[in-house]
Amino acid sequence: MSLERKLRVLIAKPGLDGHDRGAKIVARKYRDAGFEVIYIGLHQTPEQIVNAAIQEDVDLVGLSCLSGAHMYLFTEVVKQLREKGAIDITVVGGGIIPGEDIPRLKEVGIKEVFLPGTPLEEIIKWTKENVKLLR
Amino acid sequence: MFSDKTLNQAHQGMKKWLEEVKKVTNDLQEGKRFSTISNLDIEPIYTPENIKDLDFAANIGYPGAYPFTRGCQATGYRGRIWTFRMFSGFGSASDTNKRWHQLLKEGETGLSTAFDFPTLMGYDSDSPKAIAECGKCGVAIDTLADFEVLTKNIPLDEVTTSMTINPPASILWAMYLVAAEKQGVSWDKVGGTIQNDMLKEFIAQKTFMCPPEPSVRLISDTIEFGTKHVPRWNAISISGYHIREAGSTAVQELAFTLADGIAYVKDVIDRKKLDVDVFAPRLSFFFNSHIDFFEEIAKLRAARRMWAKIMRDRFKAKNPRTWWMRFHSQTAGCSLTAHQPFNNIIRIATEALAAVLGGTQSLHTNSLDEVLALPSDFAVNIALRTQQILAEETGVINTIDPLAGSYFVEALTNEIEEKAWEYIEKIDKMGGMLAAIDKGFPQTEIANAAYNFQQQIDRGEKVMVGTNKYVTDEETPIELLKVNEKVEAEQIHRLKEVKRARDNRKVAQTLDALRVACKSDKNVMPYVIEAVKEYVTEQEICDVYRQVFGEYRDPGFY
Chain A
1 MSLERKLRVL
11 IAKPGLDGHD
21 RGAKIVARKY
31 RDAGFEVIYI
41 GLHQTPEQIV
51 NAAIQEDVDL
61 VGLSCLSGAH
71 MYLFTEVVKQ
81 LREKGAIDIT
91 VVGGGIIPGE
101 DIPRLKEVGI
111 KEVFLPGTPL
121 EEIIKWTKEN
131 VKLLR
Chain B
1 MFSDKTLNQA
11 HQGMKKWLEE
21 VKKVTNDLQE
31 GKRFSTISNL
41 DIEPIYTPEN
51 IKDLDFAANI
61 GYPGAYPFTR
71 GCQATGYRGR
81 IWTFRMFSGF
91 GSASDTNKRW
101 HQLLKEGETG
111 LSTAFDFPTL
121 MGYDSDSPKA
131 IAECGKCGVA
141 IDTLADFEVL
151 TKNIPLDEVT
161 TSMTINPPAS
171 ILWAMYLVAA
181 EKQGVSWDKV
191 GGTIQNDMLK
201 EFIAQKTFMC
211 PPEPSVRLIS
221 DTIEFGTKHV
231 PRWNAISISG
241 YHIREAGSTA
251 VQELAFTLAD
261 GIAYVKDVID
271 RKKLDVDVFA
281 PRLSFFFNSH
291 IDFFEEIAKL
301 RAARRMWAKI
311 MRDRFKAKNP
321 RTWWMRFHSQ
331 TAGCSLTAHQ
341 PFNNIIRIAT
351 EALAAVLGGT
361 QSLHTNSLDE
371 VLALPSDFAV
381 NIALRTQQIL
391 AEETGVINTI
401 DPLAGSYFVE
411 ALTNEIEEKA
421 WEYIEKIDKM
431 GGMLAAIDKG
441 FPQTEIANAA
451 YNFQQQIDRG
461 EKVMVGTNKY
471 VTDEETPIEL
481 LKVNEKVEAE
491 QIHRLKEVKR
501 ARDNRKVAQT
511 LDALRVACKS
521 DKNVMPYVIE
531 AVKEYVTEQE
541 ICDVYRQVFG
551 EYRDPGFY
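These protein sequence lines are chains A and B, in that order. For the first sequence, the working numbering assigns the number 1 to the initial residue and increments by one for each residue that follows. For the second sequence, the working numbering assigns the number 1 to the initial residue and increments by one for each residue that follows.
Extracted from the complex, chain A is given alone in its bound form (with noise of 0.2 Å):
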């Protein structure tokens, strides 16, 4: 058994968006793979989010938005994890995001963005190819 520990996981919907559906399948498949998942769920602002991430110490934040609201509130996230110095947690997201954006939230620091239909698998392959274990 490896005492290595595992890739740390941050479910979360920004904003007031209540579509949960997909975040939850998202988490739990997560959990099913063997990363350590950590579901703060709905209603977050970005603030609670990033405070979240940064005392779970977590490897990944993915972030759900169905709402319209992605452009402020992915890239709120960022930002503000960033300036709280941490610089190594990727972030991931997803929901109802029109194609146009997806190049713009890639600029400002989004590492992927997955949309409706994307395989569960595509995602886990995805995760254990571009995030590495943070310390």
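It is possible that part of the hints are untrue.
Taking lysine-lysine and the DSS-like style, the derived pairs with C-alpha atoms no more than 27 Å apart in a straight line are [what the hints assert, rightly or not]:
(1) 496(B) x 182(B)
(2) 128(A) x 469(B)
(3) 29(A) x 439(B)
(4) 84(A) x 129(B)
(5) 125(A) x 496(B)
(6) 106(A) x 125(A)
(7) 486(B) x 106(A)
(8) 79(A) x 482(B)
(9) 79(A) x 486(B)
(10) 29(A) x 106(A)
(11) 79(A) x 129(B)
(12) 189(B) x 228(B)
(13) 426(B) x 439(B)
(14) 482(B) x 111(A)
(15) 309(B) x 426(B)
(16) 316(B) x 426(B)
(17) 426(B) x 106(A)
(18) 266(B) x 469(B)
(19) 266(B) x 29(A)
(20) 111(A) x 462(B)
(21) 462(B) x 125(A)
(22) 496(B) x 98(B)
(23) 29(A) x 469(B)
(24) 182(B) x 129(B)
(25) 152(B) x 106(A)
These aren't lab readings, by the way, just hints derived from the structure by calculation.
Once you have looked at the hints, place chain B on chain A.
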């Protein structure tokens, strides 16, 4: 329903048929599973044997009569076509008012309002929580001033309006009533619906504010107020739609919705001491119409039959109007695909047909682009035309409940009903829906079903064309609705103006009176109406609710 002779023939004939078929082909594919989208196993063929215990009078009967399996209206759609009610709202009140006028001109027969997230959650457009959300998912409403713009030149005595609003339902309803009054329309003339179903918010849709117990109290206040003062209004639309969208099965959608209904009826009787036959005839319902055609029809037929039994047997209602279950339906947003979006037209048409064959009273057809954004004018017109084609070209309205007596549909209706009763018994044993929510029971059941379905999709056991089968790399160019980015700033400016112009002494007075009413067992509605008239904002009223009743936090079951 069948003679012994017929049943015997069916039994022997079935055996013989199977033997004959197996001699010539293996194509029945025994061993391969044929199941509904909700995982109910389906037989290759149904015969009288599958419904041998069905009693025509007790289980099927006639439209407009107990047990209402065949519909609420005796005349079905021959008397009156279902209401074409397109859910719409975006940007500012004036943007939405324009869309409403356009839809009415195109033949829509009822209005339905989508609010933006700050409005849904009880925050004004200038709240820090509202940043970037204003006007995005629906129309932004802060005060009566916005509402007056929203309903401008809409005759509120002629058109009925449905409002998808939950924690702040009392406030938006008060705005509607005051706007009607200002048009010179008295409350006995206005008709419509507020969704106002908080239990399904905790279970599925997740726009919540106060904890379950006070939330239900506020609902009972509105039901009582409607019963006494606004007789044509549906003060609640008990909704399975969102439960299904959150990933439930058809059986769960039905069972949890009925269990919610039971909880509301019980609360009004206990708290308000109203006779069930006085208030319950105006309870309305809202179901999903998903892609599994026969399962949906069976679910809707079972829903009416079960509610009739619940009202008659459990609550001892005597008025047939109390027994009947009227419902609105909406095609399933979650069945639509972002890839190859034009395929969604076909899905929506199939789902709409299921709702019609299931006997819906009103219908919203989704637009083909709703996985990508709020619907464009182009997409919303196709959705409306889909209903008009079903109603006026296909002939499906000619006879009432045309699938009654189908061995398959009747057997499936029975099966869904039986499985839904099992859930309701379980919830009863837990102490009712509020206790079940507290334990996380419906939330966990839905999360399990949603995860299970996603895995079936990922394994290819269930198919979504264009997503996990027949996938193409080409992107279909499609023009999407863009919400004007200036809406937020303009809305905040308008709110400031309203706050400047109003009488702030009266604002404080009406809020104080409301606070006192909240702490007592008085009905809050008259106090909300007084506050709204003074242009008190939605959030100012909701802050009183939050202070008095507390705030609910997502327990995060997954």
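Item to check | Given pair status - residue 29(A), residue 266(B), alpha carbons within 27 Å | outcome: Distance of about 39 Å is beyond 27 Å: violated.
Checklist entry - Given the hint that residue 111(A) pairs with residue 462(B), does the C-alpha gap stay at or below 27 Å? => result Cα-Cα ~30 Å, so violated.
Next on the checklist: Given the hinted pair residue 266(B) and residue 469(B), is their Cα-Cα distance within 27 Å?
Outcome noted: violated (47 Å)
Checklist entry - Going straight from one Cα to the other, do residue 426(B) and residue 106(A) come out at no more than 27 Å? => result violated (48 Å)
Checklist entry - Quick one, are residue 486(B) and residue 106(A) close enough, alpha carbons at most 27 Å? => result holds (24 Å)
Checklist entry - Given the proposed pairing of residue 182(B) with residue 129(B), does the C-alpha separation stay at or below 27 Å? => result Not satisfied, since the Cα-Cα distance of roughly 32 Å exceeds 27 Å.
Checklist entry - Given the hinted pair residue 29(A) and residue 439(B), is their alpha-carbon gap at most 27 Å? => result Judged against 27 Å, a Cα distance of about 23 Å means the pair holds.
Checklist entry - CA of residue 125(A) to CA of residue 496(B), is that 27 Å or under? => result violated (50 Å)
Checklist entry - Within a Cα-Cα threshold of 27 Å, do residue 29(A) and residue 106(A) meet the stated pairing? => result Roughly 24 Å between the alpha carbons, so the hint for residue 29(A) and residue 106(A) holds.
Checklist entry - Is the straight-line distance between the alpha-carbon of residue 84(A) and that of residue 129(B) 27 Å or less? => result holds (21 Å)
Next on the checklist: Check the hint pairing residue 189(B) with residue 228(B) against an upper bound of 27 Å on the C-alpha distance.
Outcome noted: holds (13 Å)
Next on the checklist: So if I understand the rule, the pair passes when the alpha-carbon distance is 27 Å or less; does residue 79(A) with residue 482(B) pass?
Outcome noted: holds (26 Å)
Taken one by one, the earlier hints fail for this structure at numbers 5, 17, 18, 19, 20, 24, 25, listed in ascending order.
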